[in-house]
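Asker: Residue numbers (this note's numbering), protein chains in the order written: chain A, 1 to 182; chain B, 1 to 182; chain C, 1 to 182; chain D, 1 to 423; chain E, 1 to 423; chain F, 1 to 423.
The hints are simulated quantities; they were obtained by calculation from the structure and are not laboratory data. Please note: incorrect hints may appear among the correct ones.
To be verified - Quick list of in silico lysine to aspartate or glutamate cross-link-like pairs, EDC-like style, CA-CA up to 16 Å:
1. F:K137 <-> D:E400
2. F:K394 <-> E:D143
3. E:K102 <-> C:D175
4. E:K394 <-> D:D143
5. F:K232 <-> F:D263
6. D:K394 <-> F:E400
7. D:K102 <-> B:E103
8. F:K102 <-> A:E103
9. D:K108 <-> D:E61
10. D:K249 <-> D:D143
11. F:K258 <-> F:E400
12. D:K258 <-> D:D143
13. D:K394 <-> D:E21
14. D:K394 <-> F:D132
Said to hold, decoys possible - Now the stretches of chain B that chain E is said to cover, found in silico as 3 or more residues with beta-carbon under 8 Å:
15. 91-105
16. 161-175
Just so we're clear, the structure is a prediction, and the values are computed from it rather than from any experiment. The beta-carbon is built from N, C-alpha and C at its ideal position, and this holds for glycine as well.
Now for the letters of each chain:
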Amino acid sequence: MPETPVPAAVPAAGAPETGAAPGAPLRDPELRARIEDFLADCAHAIDDDRLEEWPGFFAPDALYRITTRESEAAGLPIGIMHCEGRGMLADRVRALRVANVFEPHTYCHLLGAPRLARAGPGLASARTNFAVVRTMQDGGMALFAAGKYLDEIETGGERLLLRSRLVVLESRRVDVLLVIPL
Amino acid sequence: MPETPVPAAVPAAGAPETGAAPGAPLRDPELRARIEDFLADCAHAIDDDRLEEWPGFFAPDALYRITTRESEAAGLPIGIMHCEGRGMLADRVRALRVANVFEPHTYCHLLGAPRLARAGPGLASARTNFAVVRTMQDGGMALFAAGKYLDEIETGGERLLLRSRLVVLESRRVDVLLVIPL
Amino acid sequence: MPETPVPAAVPAAGAPETGAAPGAPLRDPELRARIEDFLADCAHAIDDDRLEEWPGFFAPDALYRITTRESEAAGLPIGIMHCEGRGMLADRVRALRVANVFEPHTYCHLLGAPRLARAGPGLASARTNFAVVRTMQDGGMALFAAGKYLDEIETGGERLLLRSRLVVLESRRVDVLLVIPL
Amino acid sequence: MPEASLAHAGALSTPFAWPEEGVTRVPYRLFSDPEIYALEQARIFRGPVWHFLCLELEVREPGDYRTGFVGDTPIIVTRGRDGRVNAMVNRCAHKGALVCHKERGNAKALSCVYHSWTYDLEGRLMGLAFRDGLRGKGGMPADFRAADHRLQPLRVETFAGMVFGTFSDETPDVETFFGPSMCAILRRNFSRPVRLLGFHSQTIRNNWKLYAENVRDSYHATLLHTFYTTFKINRLDMDGGIRITDAEKPWHHISFAKRATLDAAAEYKAAEVHSASYDTRLEGPELLDAWEEFDDGITHCIQALFPTLAVQFTLNSLAVRWFTPRGLDRTELFWMYLGYEDDAEAERRMRVMQANLTGAAGLVSLEDGCINEFVQRGTRGGADAAAFMEMGGKTVESSEGSRATEVAIRGFWRGYREIMGLA
Amino acid sequence: MPEASLAHAGALSTPFAWPEEGVTRVPYRLFSDPEIYALEQARIFRGPVWHFLCLELEVREPGDYRTGFVGDTPIIVTRGRDGRVNAMVNRCAHKGALVCHKERGNAKALSCVYHSWTYDLEGRLMGLAFRDGLRGKGGMPADFRAADHRLQPLRVETFAGMVFGTFSDETPDVETFFGPSMCAILRRNFSRPVRLLGFHSQTIRNNWKLYAENVRDSYHATLLHTFYTTFKINRLDMDGGIRITDAEKPWHHISFAKRATLDAAAEYKAAEVHSASYDTRLEGPELLDAWEEFDDGITHCIQALFPTLAVQFTLNSLAVRWFTPRGLDRTELFWMYLGYEDDAEAERRMRVMQANLTGAAGLVSLEDGCINEFVQRGTRGGADAAAFMEMGGKTVESSEGSRATEVAIRGFWRGYREIMGLA
Amino acid sequence: MPEASLAHAGALSTPFAWPEEGVTRVPYRLFSDPEIYALEQARIFRGPVWHFLCLELEVREPGDYRTGFVGDTPIIVTRGRDGRVNAMVNRCAHKGALVCHKERGNAKALSCVYHSWTYDLEGRLMGLAFRDGLRGKGGMPADFRAADHRLQPLRVETFAGMVFGTFSDETPDVETFFGPSMCAILRRNFSRPVRLLGFHSQTIRNNWKLYAENVRDSYHATLLHTFYTTFKINRLDMDGGIRITDAEKPWHHISFAKRATLDAAAEYKAAEVHSASYDTRLEGPELLDAWEEFDDGITHCIQALFPTLAVQFTLNSLAVRWFTPRGLDRTELFWMYLGYEDDAEAERRMRVMQANLTGAAGLVSLEDGCINEFVQRGTRGGADAAAFMEMGGKTVESSEGSRATEVAIRGFWRGYREIMGLA
Ligand code: FES
Ligand code: FES
Ligand code: FES
Ligand SMILES: [Fe+3]
Ligand SMILES: [Fe+3]
Ligand SMILES: [Fe+3]
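Between the sequences and the hints, there should be enough to build the whole structure, so can you do that?
Answerer: Below is the structure:
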């Protein structure tokens with residue numbers, strides 16, 4: 001009972017070089033380098049448990065959501081985490097530090113090459129596949145999360161800032177719990 | 001019973017900067033950026049289930065093979081998949097859509113930095129390590145494939161095209177089945 | 001009983017664009033490309049079992065250490081491997097070839113984007129997250145190691161060379177054994 | 001040991017004796033013995049109990065199907081042409097393949113991909129390929145009767161938008177099983193058409209019964225989930241209590257609290273509640289924006305339905321939570337977030353925000369993802385030891401005035417012990 | 001339970017009774033009971049059965065060795081100096097270490113790395129380090145006799161380029177075991193020297209016997225593998241049939257079809273074959289380029305040899321397929337693709353292309369990677385239920401005229417039941 | 001099968017009989033039978049044996065705690081206010097949760113996060129939240145006595161900086177258990193305050209007893225670990241031997257060698273030692289820089305303490321190694337590297353360099369990471385077979401003159417058999 005319609009033959013062109021990433025390609029080497037470093041820094045801040053720095057990567061009114069591929073496809077408004085504004089990000093970090101109870105663990109982010117594009121004046125978009133390896137205090141190590149970051153990055157200011165980050169997880173199932181941001 | 005011969009001492013030079021990748025280094029920032037985006041787009045098209053776009057990343061007479069490290073070392077002509085020409089790629093996609101039966105699942109590609117080189121006029125070579133995380137509909141997530149892409153990329157035209165892609169898997173054992181192209 | 005002190009609010013600035021990586025950003029496209037290729041070549045030499053080439057990526061008096069996140073945090077001088085000078089790296093390779101007994105297996109390195117910085121005249125620093133997928137001869141494939149490379153790279157000469165590489169593993173537990181260098 | 005061998009407690013290779021203190025004691029062996037697990041499959045999951053299958057809205061249209069599990073047994077729920085909801089085992093009558101290998105879909109008929117045996121939406125065999133062979137050769141023998149073969153059906157009842165199924169003919173109807181008091185509150189929660197707002201699941205590394213206890217444990221919330229306490233969303237010093245909804249069958253319960261009635265009690269200072277260390281200013285206070293949705297003043301209400309379902313209305317967050325054993329020490333916990341079709345945009349927005357409190361990353365629930373694993377791991381090597389649960393006394397009866405009690409947990413074990421036939 | 005405890009069906013902690021309908025019924029318990037698995041190791045894998053070990057070409061030269069498994073037991077196959085093929089358990093006579101820890105190699109002798117006990121290529125202990133200690137201290141006692149210690153040998157026979165081994169002295173010779181009719185077709189396939197063209201494996205998540213059924217299931221191919229049907233490579237409306245090669249021991253069978261004889265039958269329209277939805281134009285038609293390789297008109301031929309081997313010649317694709325249990329619900333399936341040494345380049349090219357049809361990514365075989373898992377999962381919680389297999393009747397006899405039958409599967413179970421001693 | 005059921009060998013579902021040859025034979029079933037594993041938990045890990053818990057330096061300050069395992073049972077070790085070291089089961093007296101879920105820390109009291117039951121550093125229940133409910137409602141019944149509830153304590157003794165614990169009152173004191181000769185050498189090694197230099201662990205894929213054998217196997221080192229041999233760090237042709245430290249209870253032993261006495265023996269040529277192929281020039285010879293640290297000439301000394309501890313002094317590398325079962329075929333091996341507080345910088349540097357020889361990546365130890373797995377895998381399907389260990393004779397007695405013997409392994413099995421009660 002295959003519901004999928006029979007596809008057309010190979011698309012004549014299909015502009016594969018831009019693919020899903022919207023907007024014009026972003027090829028300025030300097031800006032590419034800055035964004036690559038920025039994305040790496042954001043991941044490393046989490047991996048190194050410098051979580052208090054993490055909200056600083058976002059614009060004051062940034063949107064940060066973690067959801068699943070399945071929920072996103074279904075257009076469901078509730079995912080797994082939903083923060084509006086840097087303050088809510090900071091609240092998450094402080095809850096983790098002082099309120100929440102969980103077994104100590106660390107993340108190691110593996111980022112694929114970010115697919116960059118121009119999304120408007122002073123705005124870049126990036127789609128970055130990622131995987132997060134979680135390690136428990138006893139040395140137990142596992143692939144905890146995989147998915148993609150869909151980012152909007154403000155490039156106008158002196159420092160780059162995330163205007164929005166949508167984290168789309170491949171799996172709708174979380175192993176144990178999610179407390180350290182992805 | 002170690003069959004390996006005793007190795008010589010450290011090679012005097014061994015040109016480690018080029019290593020296995022053939023040809024001259026490719027350092028033109030613009031072309032590097034185009035190829036990086038191209039490789040990412042090709043992976044994202046698969047990950048996002050835009051499979052009908054996938055053959056469009058290949059030249060009309062392209063060669064696409066999936067084989068294993070062990071088979072490649074033994075010089076065996078039969079690997080796991082062998083397609084000659086864009087048409088066979090399209091047939092694979094259409095068979096997946098309308099004929100083959102399997103449990104729904106998705107891929108998430110993680111690409112390492114591509115090692116680029118000039119392979120001739122209008123031709124670049126790329127060796128890219130990759131891992132593919134497969135997620136089943138019930139949320140079960142696992143490392144499905146790891147290996148390397150050995151690509152020949154036509155850089156002469158307005159759009160980049162794969163002249164050939166050899167996918168060399170680390171493992172000779174496939175978990176359950178392989179139907180979505182790697 | 002949370003020992004962690006209550007954190008301050010969001011750091012005013014926190015220079016997230018440089019984060020943990022020391023020194024000034026390194027944005028010269030040519031040098032970035034050379035270093036990216038160099039790091040990939042070093043990983044590919046191991047993955048392709050060209051281990052005899054591996055010590056050639058290091059300066060003659062280079063320091064190479066593998067340790068764990070936990071040991072590093074505790075400032076313990078003994079990690080998992082400690083080599084001073086290219087000679088000890090070569091000894092490791094030769095022991096692997098002729099003396100040590102283990103089941104054949106291969107590595108596939110997945111490197112994240114290296115976070116580069118200038119660390120002094122003719123010296124660059126790089127922090128690169130990595131994962132290593134280990135595949136046994138029977139096809140058994142698993143995430144064997146994840147962590148970060150903390151590198152010092154000599155950029156003055158004709159060829160790049162590692163002055164030091166600190167491999168910090170996420171897990172303090174090794175699966176079975178570690179004989180092929182990471 | 002084969003599942004087949006464990007229809008009765010008498011079949012256990014090691015006899016089980018419940019401690020004489022009764023359900024104030026629970027031997028840890030119950031969380032680590034594979035024979036007990038097999039026995040539960042027969043007595044509880046295939047026994048005289050109503051099991052939550054899905055929400056009606058998941059099979060809204062005729063032909064909609066949705067797969068799931070009752071214990072280890074794979075299930076299909078369908079909406080028939082006649083609009084009625086059906087449930088059957090997802091096991092082909094031919095050779096046992098999953099008939100539906102997709103989690104959701106819509107189909108005119110259920111066709112097994114292996115040999116194309118095809119069933120109607122009630123699970124009756126409609127036809128099979130090459131039944132008469134080809135050109136008179138091969139095919140089924142003359143005495144083959146399609147009517148003898150069908151997908152094993154479950155009894156199905158829907159209530160308040162929820163679909164329940166049971167394998168047993170003895171199970172009383174749903175409203176009797178859950179009791180009028182429970183059904184009343186469920187009607188309150190599902191008084192208007194609901195819409196799905198979110199869905200995800202968690203793997204928790206513990207025996208399913210540890211989560212069943214956790215849901216009924218009104219004693220832990222304020223101590224473990226300090227975010228709750230700190231932000232005064234739910235504390236034991238609010239008016240609230242535990243209502244055992246059926247004194248005869250104290251398997252289910254309702255836990256409720258009225259936020260407005262908070263009257264900070266001295267015991268909170270005494271209690272080792274480490275939330276004391278947390279100052280209560282939120283930088284993003286909109287997180288807790290809420291409105292009085294009902295006039296009974298109840299702002300926090302959880303209904304625990306035996307064995308594996310909980311419905312919660314916390315502030316304005318309506319969620320259905322259920323869990324499925326995935327082996328002796330693994331359980332999958334499902335979260336389904338709901339709103340009403342006619343919610344105003346501002347209301348939906350608040351429900352979305354409040355969802356941050358619960359689920360796999362919930363500010364006040366994430367601890368439950370690991371705490372039951374801590375019990376699973378803590379009890380290793382302790383199969384002969386037992387839990388001690390006398391908080392709120394040793395009896396099983398409603399505790400309208402206080403939630404500093406383990407009465408609801410004792411109620412669960414009362415039901416468990418009875419159904420399992422563990423003397 | 002220790003393997004040691006299960007030499008006889010009588011040792012099962014839960015007695016097993018086969019349904020009175022006989023092999024038209026197969027209780028699902030057989031796929032989920034660890035004691036049955038242990039019993040199979042003793043009765044089938046260490047019992048009076050020939051097991052495929054490898055191809056002769058894998059141990060071509062003297063000193064070549066190749067490791068593998070018979071059931072759970074690790075095995076070494078060697079080519080001796082005398083050119084004869086030997087097989088022995090890969091378990092050192094000293095303390096049980098794997099003697100060969102590499103999958104393949106060439107060695108003058110087999111030396112265990114742990115304490116350097118060294119064996120000749122037949123597995124006889126040749127020597128051991130420090131047998132007499134050092135300077136007369138330590139070493140083995142005076143009564144130690146090297147001749148008392150050796151690697152446990154298997155009986156070995158080679159046939160048609162294949163190496164078979166058995167643990168039992170009762171097993172009749174290979175040609176008797178498989179029967180003349182089977183041996184004839186194997187000779188046809190291996191009439192000329194073969195060359196290895198490809199090799200890979202799959203992990204399938206099902207009990208090994210579900211794949212054994214699958215290989216013998218001539219009823220499913222046209223229905224599940226719709227690529228087959230669509231491209232008219234193999235359909236039930238071609239001349240073809242099932243040959244039980246030994247009426248007394250109906251454990252093995254040959255399935256064959258003649259592509260040229262296709263005469264599209266009405267039943268195909270009737271059958272719920274969803275391939276109908278697929279138009280048959282290939283954009284890369286060279287995929288199916290083939291030539292008439294034999295004059296018997298047989299274009300599709302599968303030989304299933306009890307218990308875990310299949311040889312297939314589909315169009316021009318010659319492959320040897322075998323599988324090994326990796327636990328109760330895991331099986332490893334191996335694919336070895338062959339051509340003839342004297343193939344013309346164009347012929348080899350066609351074999352390479354046709355390999356796209358089979359294997360882990362095979363356009364007409366990939367479904368078998370998951371379908372047996374669907375059965376494994378569908379039968380969970382159903383240990384007391386059984387499969388129903390009366391397609392093509394209830395008997396076990398050749399069905400030359402039709403493959404719309406389950407006769408070959410019933411034949412497998414006849415053999416299984418007999419060897420396992422399951423009354 | 002529940003752990004609870006296996007307090008005695010008589011409870012085994014399959015009777016076990018040790019071969020008449022005694023401890024020169026070890027049935028492979030002992031490495032693959034889950035019931036044996038469960039029996040070991042009761043008889044050995046919860047039995048009359050001292051188990052290594054940690055080093056004193058890991059709980060140096062009052063309030064320091066460190067968690068670990070004795071077999072499968074989770075443990076907490078604490079340093080009390082009174083400076084004494086305590087050990088208790090990491091299982092809350094309330095409902096069994098891990099009381100400490102962090103591996104290390106310092107705390108005034110041990111507070112379980114689930115319901116805040118709080119224990120002092122000796123494990124006595126100090127208080128619990130809402131014991132009297134709130135405002136007189138809820139809380140514990142009148143007859144609740146805190147004194148009836150505590151964390152299950154272990155007996156603890158410290159010796160030479162090591163902390164040992166036992167569950168049994170029968171266990172004699174530590175010095176009696178290990179014997180004067182063993183204690184003397186331990187005192188030699190820990191004569192001065194030590195400092196932690198390194199710590200990591202390995203997962204090895206074998207039953208824990210295979211590693212226990214490996215540690216006692218003086219016969220394999222020179223043959224398997226060819227780096228040892230090649231660089232003449234430890235060879236059988238140095239003066240050295242095996243000292244069984246207690247003839248009555250030959251469970252423990254000391255293995256020693258004097259590097260300076262090497263007198264290359266002809267047997268090394270004879271022996272199939274593949275290190276012959278390795279020329280001995282190191283490009284980085286500083287790896288082996290060492291100094292004479294003791295005046296007894298002993299340069300290589302391993303103390304194996306029943307059941308799962310080894311202390312080693314190789315050249316100048318002092319390490320404590322212990323292992324914990326993680327299931328039937330998994331074991332975690334821990335390495336802790338030590339130096340003395342008053343080491344000179346040059347000395348510490350040499351200890352750091354020499355650590356390259358051992359551990360998970362040790363040039364002379366990495367083989368032990370896989371060799372026991374080779375035995376685990378080699379013995380699959382061989383539950384009825386047994387290891388043969390007559391090197392150095394059939395008795396269990398010191399072998400001062402030679403290490404070409406398996407006497408220490410036989411000693412281990414003597415103890416194992418006695419404690420397990422396996423006739
Ligand atoms: S198993 Fe479903 S049709 Fe055969
Ligand atoms: S185990 Fe093979 S030589 Fe000892
Ligand atoms: S389980 Fe520890 S306080 Fe309840
Ligand atoms: Fe909770
Ligand atoms: Fe098939
Ligand atoms: Fe060793």
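Asker: Does each hint fit the structure? Answer for all of them.
Answerer: Results of checking the hints against the structure:
For the proposed pair K137 of chain F and E400 of chain D, the alpha carbon gap of about 10 Å is at most 16 Å, so the pair holds. Note on K394 of chain F and D143 of chain E: the hinted pairing holds, with a Cα-Cα distance of about 11 Å set against a maximum of 16 Å. A threshold of 16 Å between alpha carbons decides the hint, and for K102 of chain E with D175 of chain C the separation of about 19 Å lies outside it, so the pair is violated. With a C-alpha separation of about 11 Å, the suggested pairing of K394 of chain E with D143 of chain D holds against the 16 Å cut-off.
A C-alpha spacing of about 10 Å is found between K232 of chain F and D263 of chain F, which places the hinted pair at or below 16 Å, so the restraint holds. About 65 Å separates the Cα atoms of K394 of chain D and E400 of chain F, which puts this hinted pair outside 16 Å; it is violated. Our distance criterion of 16 Å between C-alpha atoms is met by K102 of chain D and E103 of chain B, whose separation comes to about 7 Å. A C-alpha spacing of about 7 Å is found between K102 of chain F and E103 of chain A, which places the hinted pair at or below 16 Å, so the restraint holds.
Annotation: proposed proximity of K108 of chain D to E61 of chain D holds, straight-line Cα distance about 11 Å (limit 16 Å). The suggested pairing of K249 of chain D with D143 of chain D is violated, with an alpha-carbon distance near 48 Å, which exceeds 16 Å. With a CA separation close to 12 Å, the supplied pair K258 of chain F and E400 of chain F stays within the 16 Å bound. For the hint linking K258 of chain D to D143 of chain D, the alpha-carbon distance of about 66 Å lies beyond 16 Å, and the restraint is violated.
Proposed proximity of K394 of chain D and E21 of chain D is supported: the alpha carbons are some 9 Å apart, at most 16 Å. Our distance criterion of 16 Å between C-alpha atoms is met by K394 of chain D and D132 of chain F, whose separation comes to about 14 Å. As drawn, the stretch 91-105 of chain B meets chain E at 10 residues by the rule of a beta-carbon pair under 8 Å; at three or more, the given contact holds. Under a criterion of three residues with beta carbons nearer than 8 Å to beta carbons of chain E, the stated coverage of the stretch 161-175 of chain B is upheld, 4 such residues being counted.
Hint violations for this structure: numbers 3, 6, 10, 12, all remaining hints satisfied.
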